[in-house]
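Enquirer: One-letter residues, chain by chain:
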Amino acid sequence: MLKVKRLSKNFNEVKALDRVDFDLKKGEIHGIIGANGSGKSTFVNILFGSKYIRDTGGYEGEIFIENKKLDIKNTHHAMKYGIGMVHQELALLGELDISSNIKINRENIIDKTKLLGDFALVDREKNETDAKKALSKVGVDINPRIKVKDISTNLKQFVEIAREIDNDKLKILILDEPTSSLNIEETKILLSNLKELANTGISIIFISHRLEEIVDICHRVTIFRDGRVVSRYDKEDFDINKMAMDMIGKEIVQVSKKRKNNDKENILSFKNVEVSYGYGHYKNISLDIKKGEILGITGLAGHGQEIFGYGLMGLYDMKGEVIFKEEKIIPGDMERIIQEGIYLLPDERKELGLFLNRSVWENLVFESYDGQNRFLKYPALGKLSPLNHKAIRKYSNKMVEKLNIKVKDIDQKVMDLSGGNQQKVCIGRAITIDPEVLFVGEPTRGIDLYSKEIILDLLLELNEERNTTIIIFSGEISELKRVCDRIVVMYRNQVFKIFDDDFESEELSLALSGRSLERV
Amino acid sequence: MKRLRLEAPQLIMISYLVILAVSLKYIGIPYMDMINDSLIKWVMNGVLVLSLVPMINVGAGRNFGLPIGISAGLLGMCIALEFRLEGWLGFGVSILIGSIIAILFGYIYSIVLNRLKGNEEIVGTFAGFSFIPIMNLFWSLAPFKNRQMLYPVGGQGLRPKINLDGYFGGILDNFLKINIGSLTIPLGLIMFFFILCFMVYLFQRTRMGIAMACIPENEAFAKLSGINIDRYRRIAIIFSNILAAIGIIVYSQSYGFIHLYDGPFMMAFPAVSAILIGGATKNKATVFNVMLGTYLYQTTFLLSVPVANALLIPEMSEIIRMIMTNGIILYAFLYEGVRKRNEKV
Amino acid sequence: MKRYNEYYVPIFFLILSILGIVAARVGFNFILAELYARFVRNGIFLLALIFPIMAGMGINFSITIGAIAAQISMLIVMDIGFVPSLGFIIAILLSVTLSIIFGNIIGNLLNRAKGKEMIASMVIGFLGTSLYQIVFMVAYGTVIKPFNKDILLTRGIGVKSMLDIGEYKDLFSNLLPIRIGDAEGSLVPIIIIIIVGIIVHLITKSKIGYRMNAVGENMYLAEKVGIHVDNTRKIAIIMSTILASLAQIMFIQNLGILNVYTGHLNLDIFASAALLAGGATFKKANIKNAFIGIFLFHTLFIVSPLAGQNIFKNPALGEYFRSCIAYGTIVFALMINLKIKTE
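Chains as they are written, first to last, in my numbering: chain A, 1 to 520; chain B, 1001 to 1345; chain C, 2001 to 2343.
Just so you know, the hints here were simulated from the structure itself, not pulled from any lab data. Note that the structure is predicted; figures quoted are calculated from it, not measured. For every residue, glycine included, the Cβ atom is placed at its ideal position computed from N, Cα and C. Treat the hints loosely; a few may be bogus.
Quick list of in silico lysine-lysine cross-link-like pairs, DSS-like style, CA-CA up to 30 Å [as the list claims (entries may be wrong)]:
| # | chain 1 | residue 1 | chain 2 | residue 2 |
| --- | --- | --- | --- | --- |
| 1 | A | Lys132 | C | Lys2114 |
| 2 | C | Lys2284 | A | Lys137 |
| 3 | A | Lys283 | A | Lys271 |
| 4 | A | Lys80 | C | Lys2288 |
| 5 | B | Lys1041 | A | Lys390 |
| 6 | A | Lys3 | A | Lys51 |
| 7 | B | Lys1041 | B | Lys1223 |
| 8 | A | Lys390 | A | Lys325 |
| 9 | C | Lys2284 | B | Lys1284 |
| 10 | A | Lys350 | B | Lys1161 |
| 11 | C | Lys2224 | A | Lys68 |
| 12 | A | Lys126 | C | Lys2149 |
| 13 | A | Lys169 | A | Lys80 |
| 14 | C | Lys2205 | A | Lys133 |
| 15 | B | Lys1145 | A | Lys383 |
| 16 | A | Lys126 | C | Lys2224 |
| 17 | C | Lys2224 | A | Lys188 |
| 18 | B | Lys1223 | A | Lys394 |
| 19 | A | Lys169 | A | Lys188 |
| 20 | A | Lys188 | A | Lys242 |
| 21 | B | Lys1282 | A | Lys325 |
| 22 | A | Lys132 | C | Lys2224 |
| 23 | A | Lys452 | B | Lys1223 |
| 24 | A | Lys408 | B | Lys1284 |
| 25 | B | Lys1117 | C | Lys2224 |
| 26 | A | Lys68 | A | Lys3 |
Reference listing, derived: stretches of chain A covered by chain B, where coverage requires no fewer than 3 residues with Cβ under 8 Å from a Cβ of chain B [unchecked claim]:
| # | stretch |
| --- | --- |
| 27 | 338-351 |
| 28 | 367-376 |
| 29 | 385-399 |
Computed Cβ-Cβ distance ranges for the label pairs, DEER-style [as the list claims (entries may be wrong)]:
| # | chain 1 | residue 1 | chain 2 | residue 2 | range |
| --- | --- | --- | --- | --- | --- |
| 30 | A | Lys68 | B | Tyr1016 | 38 to 46 Å |
| 31 | C | Asp2164 | B | Ile1195 | 56 to 64 Å |
| 32 | C | Asp2164 | B | Val1018 | 54 to 62 Å |
Could you build the full structure based on these sequences and the hints that come with them?
Expert: Here it is, written out as structure tokens:
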């Protein structure tokens, strides 16, 4: 049905996909798994003709549907060729009712008014009949007149799938994490309906992190890593543990950090907090962070490695009991939290960590004045004081040298710097602010090897010299192993396992998929 | 350091100005007179344009609700007149009371604007428009006793234009006038303007000013750095209102009248247009933008009046002014849209 | 959280109107007569605002330009001097044509100003007014030679500011006459407006209507499911402009006078305030809002100056009160709506 040859895609210089070959049979359910950034989202976005792909330079390689070579220029094309996709972020219009959403852009019209072209009257009843039919194919029976905003998230998921199914030209259906917001019962219903759907001749590409589901319904599985296809499995060869390992890959660095003696007290504790973000609402999450430690938090994408930092700093909606140095603090109360000395360096540096249009020195010292009075010319004036540019420049030059940031001078705009250097600026700022507790997200993502070392060393230095408690949330497990005293694995937004001793790579890889060694 | 952006609006404006200047020669109007007038018109309107700066820099958009700050200033002047305060005392008290009222009005205005981040411009427009009838009610009913301020017949309700002769009309204009040949430089007036501009400039370099300027650049990051976005916006909005109050007082002393009722109605648009001509963008405005833009805008309009009269169609100058004003604002809106789209990719 | 009940605002206006009627001490017949005239003159303007609201563009303040198209058409028709019945039809055709052209331009502009359509449409309206004034105040007599010199000012340049439409006023007077309150009028304009209302309603239930709803809810998602967003928005504006021009023709015909330079002003504010008074919001508007709104708002409009006269001996106060309500409704609606959007 579908054949893909040497599909490649670059975003600027980053290779998101590297000569991927893929094929899909008619009526097959084909699973795709891979860790964050492995390229699977890029892959399906290309198939669906996403605007983003087109706007960033298109793709290379060949795509064949039913042996005809095609060029997928936009979503319209993709839909014309029979490709449908259900995204993770639901693409539904809340104010419209279910039948309107299902029949969107394909409404039935009252025959008599056909001559009016676009002004033809919509045949509401026929729409509703079609909607009900499509819904039943996924096992749902619901009044199609209800507005989409009034139904639960899981039902919304089914409605989206129904929308794709209603298109009788549909040949290939792509599902991106369709079960992430469903409970066990609903998942069972969906999976069995998908099997039936495949039996009617529709091919399904099924992306998921839930390995049990994959092995349940898929005929074949392809595993992506770092933009390449690393392995393929047929149903007979399914082996969950092997597949989990393939996703992560082998460890390269063996050196681990010298563990500090950490029977110290807790500096920051989360007790049964609730966090909401996106479409998810998660409860009963707890974690204790010890004073002076370097804690690593990891997990697959969407499983919550960032929720502690993001929740505390108000980027996610967190409620519940959080204790800092034996006093209660309210998550989201930015002013107080920063005053107490807690700081977040988010993984989305450009969006949340830098003023791209401003110079290096401005970013380095921005609002660090409370701790660094010498940067103010007349500290007595408080907020109305102008800056002491001499002191700031001296400090910034020192910083740039120490961090080895490649710039013309400290006045250069941050957006001209490479990713690695930008990150160094962020870290430089964190050092300038000198917090007691520092949350850092993906500190070395997208950075060259040499700079990675520098950054990790800086974090270690911060921890050793200033006794800063550092929490790193990242997907780079080898690095976490190198610098962290303990590593927390998150699965489905819960603390799944905490490693505070030496461990086997296999154990960690399995933990990422929510499985423990004992279960084998 | 300061790059003068010459885009379509600036180019059109400058060429129009050149055409007018050349036409003046043919009509025989002496340049000196025009230059002298232009200096006065520059400052007269300049402070009002300056008042837009704090709000633009904090990311609250161009203040189409200028009538609100203006009303505060008008009220200040009326109170000063009610107590028959003349000369510098009257001028000073107007500014003092106007500023205090501006703080109050600004505070309320900021509550509205803080709730509707992202739509400040349209909300401001209507907030300003709806404020005027409320003030009109006030002007009609308020218990002022000074006969010179009231309607000649009936005795209740302030008259639409209150003459400042004998109070502080022209006080700044005539202060420290320097004559160099036929060139008259209203030094006092210009110094007053420069002092206000300097104050705004200094404020922008303080810790607070810098933090405010960073808010529109990356609000999420600013918040993560501990900046209380709402509070800073409020301060900027109040600051803008105070400047607007002072602005209308400077304007009125030059104009010679306090123009009540529907006077302030359309005053926001020329001010916004002027600052745009000076090169300001949606989130950034400097004192230089104010000075350059106001001068270009006012001088162009000034020169167009005698030319239009000579062509026997006096209405032309006003219509063309409206076209320029609105055209420039529209251009800014459209251009922002394109730039945003290019950035997204 | 305050749930914006669709009926809060209309009830508020109802109460105000009743209070106003009591304070004004005028007879019911008087009010009915005035309402008839205002309904005929302004009704279709409210309908014109519906489509852009559906398409997520907020209030289209540039309906002023649709009105300008109508003014231009009437002017030309009167200049040429057709027989009223023929002239009326030609005026309508001409204004619809102009509206399509203008609407296309406005639609393109507004597509480039996504996110600030309301204020952009206001500025476009001002700009249009100025350009219109230049053509008729300056170009007529100089560059454009009219057929009938009488329409020019005595100095020879520029059209007169007020033109009597003469026989056009009596166009309907002998067709289906009825007596409403104190006034004598014809049923025909009312029928015309009701028919337009029905057409608008049907369009909202057509494919285009569904598409506009989708675009209005979420442009990004609508694009994702394959809808041509820019095109849909443009069509909404073009239809809006056409309806506005029709409305203005009804206005001129009923009023009897063509106010060349001021006839098209302020109608956008009052029409939008009226629509909002009828319970519409910036994201949602339907025929019901239009028909309820026009009566509530204009009742208040009629009685305010009289109430001001009676209570304060100052009719101007009533006027101020009226303006305040008009703008204030829009501010109030903005606050409620945009607050819900950000929540």
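Enquirer: Against this structure, judge whether each hint is valid.
Expert: Hints, verified against the model:
1. Distance restraint check for Lys132 of chain A and Lys2114 of chain C: the Cα-Cα separation of roughly 36 Å exceeds the 30 Å cut-off, and the hinted pair is therefore not satisfied.
2. With a C-alpha separation of about 33 Å, the suggested pairing of Lys2284 of chain C with Lys137 of chain A is violated against the 30 Å cut-off.
3. For a cut-off of 30 Å, the pair hint linking Lys283 of chain A to Lys271 of chain A stands: about 10 Å separates their Cα positions.
4. For a cut-off of 30 Å, the pair hint linking Lys80 of chain A to Lys2288 of chain C is broken: about 39 Å separates their Cα positions.
5. The straight-line distance between the Cα atoms of Lys1041 of chain B and Lys390 of chain A is roughly 41 Å, outside the 30 Å bound, and the hint therefore fails.
6. For a cut-off of 30 Å, the pair hint linking Lys3 of chain A to Lys51 of chain A stands: about 22 Å separates their Cα positions.
7. Distance restraint check for Lys1041 of chain B and Lys1223 of chain B: the Cα-Cα separation of roughly 41 Å exceeds the 30 Å cut-off, and the hinted pair is therefore not satisfied.
8. Of the pairs offered as hints, the one joining Lys390 of chain A and Lys325 of chain A is violated, with about 37 Å between alpha carbons and a cut-off of 30 Å exceeded.
9. About 34 Å separates the Cα atoms of Lys2284 of chain C and Lys1284 of chain B, which puts this hinted pair outside 30 Å; it is violated.
10. For the given pair, Lys350 of chain A sits about 54 Å from Lys1161 of chain B by alpha-carbon distance, which is inconsistent with the 30 Å threshold.
11. Distance restraint check for Lys2224 of chain C and Lys68 of chain A: the Cα-Cα separation of roughly 25 Å lies within the 30 Å cut-off, and the hinted pair is therefore satisfied.
12. Our distance criterion of 30 Å between C-alpha atoms is broken by Lys126 of chain A and Lys2149 of chain C, whose separation comes to about 61 Å.
13. Under the criterion of a C-alpha separation no larger than 30 Å, the hint pairing Lys169 of chain A with Lys80 of chain A is consistent with the structure, at around 8 Å.
14. The straight-line distance between the Cα atoms of Lys2205 of chain C and Lys133 of chain A is roughly 23 Å, inside the 30 Å bound, and the hint therefore holds.
15. Straight-line distance between C-alpha atoms of Lys1145 of chain B and Lys383 of chain A comes to about 44 Å, which puts the hinted pair past the 30 Å bound.
16. Taken as a hint, the Lys126 of chain A and Lys2224 of chain C pair is honoured in the structure, with Cα atoms around 24 Å apart against an allowance of 30 Å.
17. Under the criterion of a C-alpha separation no larger than 30 Å, the hint pairing Lys2224 of chain C with Lys188 of chain A is consistent with the structure, at around 29 Å.
18. Proximity of Lys1223 of chain B to Lys394 of chain A is assessed by CA-CA distance (about 27 Å); at most 30 Å being required, the pair is judged to hold.
19. Distance hint between Lys169 of chain A and Lys188 of chain A is fulfilled; the C-alpha atoms sit about 26 Å from each other, no more than 30 Å.
20. Restraint check: the Cα-Cα separation between Lys188 of chain A and Lys242 of chain A comes to about 25 Å, which is no more than 30 Å; the hinted pair holds.
21. As the CA atoms of Lys1282 of chain B and Lys325 of chain A are separated by approximately 44 Å, the hinted pair breaks the 30 Å bound.
22. At roughly 23 Å between alpha-carbon atoms, Lys132 of chain A and Lys2224 of chain C fall within 30 Å of each other, so this suggested pair holds.
23. About 28 Å separates the Cα atoms of Lys452 of chain A and Lys1223 of chain B, which keeps this hinted pair within 30 Å; it holds.
24. For the suggested pair Lys408 of chain A and Lys1284 of chain B, the alpha carbons sit about 26 Å apart, so the restraint of at most 30 Å is met.
25. With a C-alpha separation of about 27 Å, the suggested pair Lys1117 of chain B and Lys2224 of chain C falls inside the 30 Å cut-off, and the hint holds.
26. A hinted pair counts as satisfied when its Cα atoms are at most 30 Å apart, and Lys68 of chain A with Lys3 of chain A qualifies at roughly 9 Å.
27. For the stretch 338-351 of chain A, the stated coverage by chain B holds: 5 residues have a C-beta nearer than 8 Å to a C-beta of that chain, and at least 3 were required.
28. With a cut-off of 8 Å between beta carbons, the stretch 367-376 of chain A has 3 residues touching chain B; three or more are needed, and the interface restraint holds.
29. Counting residues of the stretch 385-399 of chain A whose C-beta lies closer than 8 Å to any C-beta of chain B gives 3; at least three are required, and the coverage claim holds.
30. Taken as a hint, the range 38 to 46 Å is violated for the pair Lys68 of chain A and Tyr1016 of chain B, whose Cβ atoms sit roughly 59 Å apart.
31. Look at Asp2164 of chain C against Ile1195 of chain B: about 57 Å separates their beta carbons, and that is inside 56 to 64 Å.
32. At roughly 44 Å, the beta carbons of Asp2164 of chain C and Val1018 of chain B sit outside the given window of 54 to 62 Å.
Violation of the numbered hints given earlier is confined to hints 1, 2, 4, 5, 7, 8, 9, 10, 12, 15, 21, 30 and 32; the remaining hints are satisfied by the structure.
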